[in-house]
Amino acid sequence: MTKALNYFVIFAEMRTGSNLLEASLNSFDGIQCHGEAFNPAFIGYPKKDDLLGITAQERDQNPIRLIRTIKNKSDGIGGFRLFHNHDMRAADHCLNDPACAKIILSRNPVESYVSWKIARETDQWKLTNHSKRKSAQISFDAVEFEKMLAAQRNFRARIQQQLQISGQTGFYVSYTDLQNPEIINGLARFLGVDSQQEQIQTNIKKQNPGHLSEKVLNFDEMEQALARSDFFELSELPGYEPSRGANVPSCVTTNEPALLYMPLRGMDHAPIENMMAQNCPDLPLAQGYTQKTLREWKKDHPGHISFTVVSHPVERAHATFCRHILNIGPDTYTETRDLLRRQFDLPIPVGAPGTGWDIDQHRTAFIAFMDFVHNNLTGQTALHAENTWASQTSLLEGISSFAFPDHILRSNRLTEGMNVIFGSAENTAIHAEADHPFSLVDVYNGKVESAVKACYKKDYINFGFPRWDRWNEQV
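Quick note, my numbering runs 528 ahead of the 1-based positions in the sequence shown.
You may find that some hints are simply not true.
DSS-like cross-link-like pairs, simulated, lysine-lysine; straight-line CA separation at most 30 Å [what the hints assert, rightly or not]:
{"hint": "1", "residue 1": "K576", "residue 2": "K733"}
{"hint": "2", "residue 1": "K675", "residue 2": "K985"}
{"hint": "3", "residue 1": "K975", "residue 2": "K986"}
{"hint": "4", "residue 1": "K654", "residue 2": "K576"}
{"hint": "5", "residue 1": "K743", "residue 2": "K654"}
{"hint": "6", "residue 1": "K576", "residue 2": "K599"}
{"hint": "7", "residue 1": "K662", "residue 2": "K734"}
Pair by pair, the computed Cβ-Cβ distance ranges are [what the hints assert, rightly or not]:
{"hint": "8", "residue 1": "P830", "residue 2": "N600", "range": "41 to 47 Å"}
{"hint": "9", "residue 1": "D934", "residue 2": "V969", "range": "31 to 37 Å"}
{"hint": "10", "residue 1": "W885", "residue 2": "I693", "range": "46 to 52 Å"}
{"hint": "11", "residue 1": "V878", "residue 2": "A814", "range": "48 to 54 Å"}
{"hint": "12", "residue 1": "T906", "residue 2": "R593", "range": "44 to 50 Å"}
{"hint": "13", "residue 1": "D651", "residue 2": "E586", "range": "35 to 41 Å"}
{"hint": "14", "residue 1": "R661", "residue 2": "K576", "range": "43 to 49 Å"}
{"hint": "15", "residue 1": "D970", "residue 2": "Q688", "range": "46 to 52 Å"}
{"hint": "16", "residue 1": "V969", "residue 2": "P877", "range": "21 to 27 Å"}
{"hint": "17", "residue 1": "D859", "residue 2": "D669", "range": "52 to 58 Å"}
{"hint": "18", "residue 1": "A805", "residue 2": "D859", "range": "49 to 55 Å"}
{"hint": "19", "residue 1": "P737", "residue 2": "S555", "range": "19 to 25 Å"}
{"hint": "20", "residue 1": "T860", "residue 2": "D970", "range": "46 to 52 Å"}
{"hint": "21", "residue 1": "D557", "residue 2": "E586", "range": "25 to 31 Å"}
Simulated from the structure, these hints should not be mistaken for lab results. Computed from a prediction, not measured in an experiment: that's the story for all the values here. By construction, the Cβ of each residue, glycine as well, lies at the ideal position given by its N, Cα and C atoms.
Construct the complete structure from the given sequences, taking the supplied hints into account.
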């Protein structure tokens, strides 16, 4: 059953029409909006000392108290306007409260930006009399605009995500809707007020009529800058992978020195753990933590150093294929292997590859496995997307949800990185176990690189991986 709404918030930004929307709502009996209740520069409205008897200082000390007061002491259903640079404690409370009605107001960001610049230039933020309108032309600043747009997008994404997670929805209004009495009446009904109005009841006037070319001095330059902007995020790589956990039980610690290794699945960790053990011979390595016990370890070891290791996607993928899919042994994903062979036509033998298994068959099977991984990570198969072949980007995001590693080492420069962590240059080169039945040096070619890169584009971009045959040239 839906919980009754007993107060509201208007999520908006400066110059999106929030003053007009507030005035329209306040014209209804039974609705009272109290301005920008959580603006850090004032409370409710400029030059006001308090809101419903609560001062700005009291609000800052306890924002929830002001929300309760608005809810209980308003004339009808009470609410307020909230922008991205207001108190986020209030935003979080409202987003997590099903009894709070969420109104989400938007406007063309270029129009908002130009309007904001004009308001700053003229110091006129609201107009109720056309005869007193002030006009100005402004210069478009691409860097300033992008910064403003990023902050607003992040805020909007935060709102949307929390509504999705909590199973709520909002009432969405655009700037152009504000002159439509049917939509405003619908919003009033959304807030529980049944009275209707035939026209918008407000004295607020549009401050800056006219085309943008009349308001912007460098209009041509603005057009060129906007043409380069990726408003629809077309350049962003789609992320279809499921979210990954922090994988805390696999974390490994030493006490002297205090080190925390946060491994990424899909690579051989034994050489790293062996080096940790060699440098800390007096105490055994510890692992099998829970988030609670690892936090306790972190508290007990101030100054500890945490690290993880990334490896080249081709190297990691081939090791995973050999260890978990192709070969038969304690690390084999037996059920997955069988399903891949039967349902996805992966060209591998029923049992372990024998003497007749040649390099061409191996390469063909590996490329076919990468085709499966690509489909699996993009949600096109019914099989679980294993952490073992997840992107290293997603695994690192999962780790960072618990704690950020101090160092991200590269497998091709691992000895150098570990020497930095241990503060010595005594460690010998680290050698991972060779893949079998064929080493990657023999299997690798351009088709292998292309198949792997198709799966892990984000990793190649985020970590700057070159082609695998140039990977060791960076050492």
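Hints versus structure:
Taking the CA atoms of K576 and K733, the gap is about 23 Å. The hint holds against a cut of 30 Å. A hinted pair counts as satisfied when its Cα atoms are at most 30 Å apart, and K675 with K985 qualifies at roughly 27 Å. With a CA separation close to 19 Å, the supplied pair K975 and K986 stays within the 30 Å bound. For the proposed pair K654 and K576, the alpha carbon gap of about 16 Å is at most 30 Å, so the pair holds.
Taking the CA atoms of K743 and K654, the gap is near 18 Å; set against the 30 Å cutoff, the hint holds. Between the alpha carbons of K576 and K599 the distance comes to roughly 20 Å, so the proposed pair stays at or under 30 Å and holds. In summary, the hint linking K662 to K734 is supported, as the alpha carbons are separated by about 11 Å, within the 30 Å threshold. For the hinted restraint 41 to 47 Å between P830 and N600, the CB-CB distance of approximately 46 Å keeps it satisfied.
Remark: the range hint 31 to 37 Å for D934 to V969 is upheld by a beta-carbon distance near 33 Å. For W885 paired with I693, a C-beta distance near 48 Å keeps the hint of 46 to 52 Å intact. Between V878 and A814 the CB atoms are about 41 Å apart, so this pair departs from the stated range of 48 to 54 Å. Our hint of 44 to 50 Å for T906 and R593 holds, since their Cβ atoms are close to 47 Å apart.
Between D651 and E586 the Cβ separation comes to about 29 Å, which falls outside the hinted range of 35 to 41 Å. A hinted range of 43 to 49 Å for the beta carbons of R661 and K576 is inconsistent with their spacing of about 25 Å. Between D970 and Q688 the Cβ separation comes to about 49 Å, which falls inside the hinted range of 46 to 52 Å. In this structure the hint that V969 and P877 lie 21 to 27 Å apart at CB holds, the actual value being about 23 Å.
Evaluation of the 52 to 58 Å hint for D859 and D669 yields a pass: the beta carbon distance comes to about 56 Å. At roughly 21 Å, the beta carbons of A805 and D859 sit outside the given window of 49 to 55 Å. Taking the beta carbon of each, P737 and S555 are about 23 Å apart, inside 19 to 25 Å as hinted. Judged by the Cβ atoms, the range 46 to 52 Å given for T860 and D970 is violated: they are separated by roughly 22 Å.
For the pair D557 and E586, the supplied restraint of 25 to 31 Å holds, since their beta-carbon distance comes to about 29 Å.
In this structure, the hints that do not hold are numbers 11, 13, 14, 18 and 20, in rising order.
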